[in-house]
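**Student:** So the sequences go chain by chain: D and C.
Counting in the working numbering, the first sequence runs from 1 upward without gaps.
Counting in the working numbering, the second sequence runs from 1 upward without gaps.
Honestly, the hints are just simulated from the structure, not real lab data.
Treat the hints with care, as some may be off.
Okay, derived cross-link-like pairs now, DSSO-like style, lysine-lysine, Cα gap no bigger than 30 angstroms in a straight line [claimed, not checked]:
hint, chain 1, residue 1, chain 2, residue 2
1, C, 111, D, 9
2, C, 111, D, 41
3, D, 38, C, 111
4, C, 56, D, 40
5, D, 38, D, 9
6, D, 41, C, 56
7, D, 41, D, 9
8, D, 38, C, 70
9, C, 56, C, 111
10, C, 70, D, 36
11, D, 53, D, 9
12, C, 57, D, 40
13, C, 70, D, 40
Here are some chain C residues pointing at chain D (derived, C-beta under 7 angstroms) [as the list claims (entries may be wrong)]:
hint, residue
14, 41
15, 42
16, 43
17, 48
18, 88
19, 92
20, 102
21, 104
22, 105
Okay, the calculated beta carbon distance ranges per label pair [to be verified]:
hint, chain 1, residue 1, chain 2, residue 2, range
23, D, 8, C, 81, 27 to 37 angstroms
24, D, 95, C, 20, 25 to 35 angstroms
25, C, 68, D, 12, 40 to 50 angstroms
26, D, 51, C, 44, 21 to 31 angstroms
Ideal Cβ placement from N, Cα and C applies to all residues, glycine included.
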Amino acid sequence: DTEVTQTPKHLVMGMTNKKSLKCEQHMGHRAMYWYKQKAKKPPELMFVYSYEKLSINESVPSRFSPECPNSSLLNLHLHALQPEDSALYLCASSQRDRSFYEQYFGPGTRLTVT
Amino acid sequence: TQLLEQSPQFLSIQEGENLTVYCNSSSVFSSLQWYRQEPGEGPVLLVTVVTGGEVKKLKRLTFQFGDARKDSSLHITAAQTGDTGLYLCAGAERNAGNMLTFGGGTRLMVKP
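Produce the entire structure from the sequences given, and follow the hints as far as they go.
**Tutor:** Structure (structure tokens):
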């Protein structure tokens, strides 16, 4: 089973709203990631969690707040977003202790900020 | 910062034709992954190549890792309309921990 699930599939929110994106995997992976992808571009890394601890934050604005409640779950809390934050948000996971790092992606959440 | 250059950026071909997508870098990667992504969906892992010179086949798709582990190619034989999508290569470098460096992507359209 190489499935990563993400909810919701689509989200429309106003600039004053607070919402959360959720990601779950049951592959026993100990590294989890959030990516942002704009149309016709490759994914851009936002955050990396390794063993439930934030290990990489790619200078992401504070209106995006990640959380890793346990080894299977990853959340991305959204607050006071801007229209330019509209994008496909992808979650991925990988095994931590391997010599090569295959990442498995979820189906993504299509976010529209109005 | 490592760079992975992918070419061509866009390819439109007829069903039944062959094609090759290239991924090139001046850096050495410990492994390289190829993904295919359909609109509105997440990338799906197709293959991982690890050893220099390695060739892997997945039905009509052939993946090759360069001898020096700096480049890779994806060859599709007798393309089908179902092959349409965005193809992404992504390199992993041992000292970069869990981070992947993505190529810019190749958007493939196979017309019937």
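**Student:** List in ascending order the numbers of the hints, as given earlier, that are violated by the structure.
**Tutor:** none
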